[in-house]
Amino acid sequence: MTADALDAVIHAPARLRIVATLAALPDGSSLSFTRLQDILELTPGNLITHLRKLEDAGYVTSQKTGNGVASRTAVALTRRGRAALDTYAEALRGLLDGLPAAQ
Amino acid sequence: MNGTRDTSNMAPAGPGGLDPREAARLLAETEREARRQFNLSPQWTNLVMGAVILVAYGSLWLTTRGQHPYTGPSLGVVALVYVAVAVAFAVAVKVYRRATAGVSGPAVRQQQAVGVAILVSFVLGSPVLQGALRHYGASDAIVYGVIPAAAPLIIVGTTALGIAASKADWPQFGAALAVVIAGVVAAFVGPSGAWLAAGIGLFIAVVGYGAADTRRHRRPLGV
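Chains A and B, in that order, give the protein sequences. Following this note's numbering, the numbering of the first sequence begins with 1 at its first residue and continues without gaps. Following this note's numbering, the numbering of the second sequence begins with 1 at its first residue and continues without gaps.
Think of the hints as simulated: they come from the structure by calculation, not from any bench. Any given hint could be a false lead.
[As the list claims (entries may be wrong)] With beta-carbon atoms standing in for the labels, derived distance ranges:
1. A/P44 x B/A86: 56 to 66 Å
2. B/R65 x A/R72: 50 to 60 Å
3. A/T78 x B/A168: 19 to 29 Å
4. B/A101 x A/R52: 22 to 32 Å
5. A/R79 x B/A101: 21 to 31 Å
6. A/D97 x B/Q111: 34 to 44 Å
[Stated by the list, open to error] Residues from chain B that keep clear of chain A, each with C-beta distances beyond 12 Å, as calculated:
7. V85
8. P106
9. V123
10. A164
11. S166
[Said to hold, decoys possible] Only some residues are given here: those of chain B computed to face chain A with a beta carbon under 7 Å:
12. L18
13. P20
14. A24
15. L26
16. L27
17. T30
18. E31
19. R35
20. N39
21. P42
22. W44
23. A99
24. V103
25. A113
26. G115
27. A117
Even for Gly, the Cβ is constructed at its ideal location relative to N, Cα and C.
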């Protein structure tokens, strides 16, 4: 197995951290954009860019409620996203298990 | 993933240019941090709760030990217990708010419902029994000794037992069972001994649950 077997959408530091953070929440839960940003310490622009890529792949959904200063964006991992992370972790495990341990 | 792999034979970096070993480390680190962020019972709160239990129940036992007839704890100790309960409640609310800030969904609503169920069983259970027993002429040793020590543990413990079973949360189930057992023991060791039995049982349940929960959270989810 090579690194090409890894899901390219998830296999980037920021997106891997986004998906892993959302996966720590129970199924069906969502997290506000600001809390996600606080946890990951990403700039809003950077976070939006990566979320868009994850949304395009169907791995996350974002929902905006309210208007103006009261607006709130909630981000959630989809079932497809959770399954993709499981598959990614499995592929990563396989990749690392196939390597000889250092002496 | 023990971090002892030979990097010279490492698979090439993936499509994102991320080394697989680095990806595994990042995934494990992120999972750990996320669980810390969303943890409703971090280890330090269990230790605070354990200390509060020891101080409150220890004071109740010390001031009622050797009373014949049983007259109950002094007003000062009762005030100390109320302060301890207020501190424990404030810590629990602060931790809950921090852990669930920005989080929404059915799991949060379920946690709130569980919190309300436990609070209602705690607030209503023992006073109702005490009132009824007083009404039927039970002694002070029963009304102000055995029942307030044993009843909350049995009532809240069985409520928590059912909740833990429904969620298949076995560390919580074990802690709730320990609380129920402590309540049962407290009901049969006399009014002063009841405070001691209740305090020891609650302490073991809270600290034991904290240790089990910490061990569970250390286990990696992904790699």
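The hints, checked one at a time:
For the pair A/P44 and B/A86, the beta carbons lie near 39 Å from each other, so the given range of 56 to 66 Å is not met. For the pair B/R65 and A/R72, the beta carbons lie near 55 Å from each other, so the given range of 50 to 60 Å is met. Restraint check, A/T78 to B/A168: a C-beta distance of roughly 24 Å satisfies the suggested window 19 to 29 Å. Checked against the hint of 22 to 32 Å, the C-beta distance between B/A101 and A/R52 comes to roughly 24 Å, which is consistent with it.
For A/R79 and B/A101, the hinted distance range of 21 to 31 Å is satisfied, since their beta carbons lie about 25 Å from each other. Checked against the hint of 34 to 44 Å, the C-beta distance between A/D97 and B/Q111 comes to roughly 37 Å, which is consistent with it. No Cβ of chain A comes within 12 Å of the Cβ of B/V85; the nearest lies about 29 Å off, and the non-interface call holds. Not every CB of chain A is more than 12 Å from the CB of B/P106 (nearest about 5 Å), against its label as outside the interface.
Annotated as non-interface, B/V123 keeps its C-beta farther than 12 Å from every C-beta of chain A; the closest such distance is 27 Å. Chain A leaves B/A164 outside its interface by the beta-carbon criterion, the shortest separation being 16 Å against a cut-off of 12 Å. With a least beta-carbon separation of about 14 Å from chain A, B/S166 lies farther than 12 Å from that chain, consistent with its non-interface assignment. A distance limit of 7 Å between C-beta atoms decides the matter here; for B/L18 the minimum to chain A is near 6 Å, and the interface restraint holds.
Because the closest C-beta pair between B/P20 and chain A is about 5 Å apart, less than 7 Å, the hint holds. This hint holds: B/A24 has a C-beta 5 Å from the nearest C-beta of chain A, less than the 7 Å allowed. A least Cβ separation of about 6 Å between B/L26 and chain A falls short of the 7 Å threshold, and the interface hint therefore holds. For B/L27, the interface hint holds, since its Cβ comes within 7 Å of a Cβ in chain A; the closest pair sits about 6 Å apart.
With 7 Å as the threshold, the beta carbon of B/T30 comes within range of chain A, its nearest partner Cβ sitting at about 4 Å, so the hint holds. Contact between B/E31 and chain A, as hinted, is supported at the beta carbon level, the nearest pair being about 5 Å apart and thus within 7 Å. Because the closest C-beta pair between B/R35 and chain A is about 5 Å apart, less than 7 Å, the hint holds. With its C-beta approaching chain A no nearer than about 10 Å, B/N39 sits outside the 7 Å limit, and its interface hint is violated.
For B/P42, the shortest C-beta to C-beta distance to chain A is roughly 14 Å, which exceeds 7 Å, and the interface hint is violated. For B/W44, the interface hint is violated, since its Cβ never comes within 7 Å of a Cβ in chain A; the closest pair sits about 19 Å apart. At about 11 Å, the closest approach between the beta carbon of B/A99 and any beta carbon in chain A exceeds 7 Å, and the interface hint on this residue is violated. Because the closest C-beta pair between B/V103 and chain A is about 6 Å apart, less than 7 Å, the hint holds.
Taking 7 Å as the C-beta contact cut-off toward chain A, the hint placing B/A113 at the interface is violated, the least distance being around 14 Å. Taking 7 Å as the C-beta cut-off, the interface hint given for B/G115 is violated, the closest approach to chain A being about 16 Å. The restraint placing B/A117 at the interface with chain A is violated, with a minimum CB-CB distance near 18 Å, outside the 7 Å limit.
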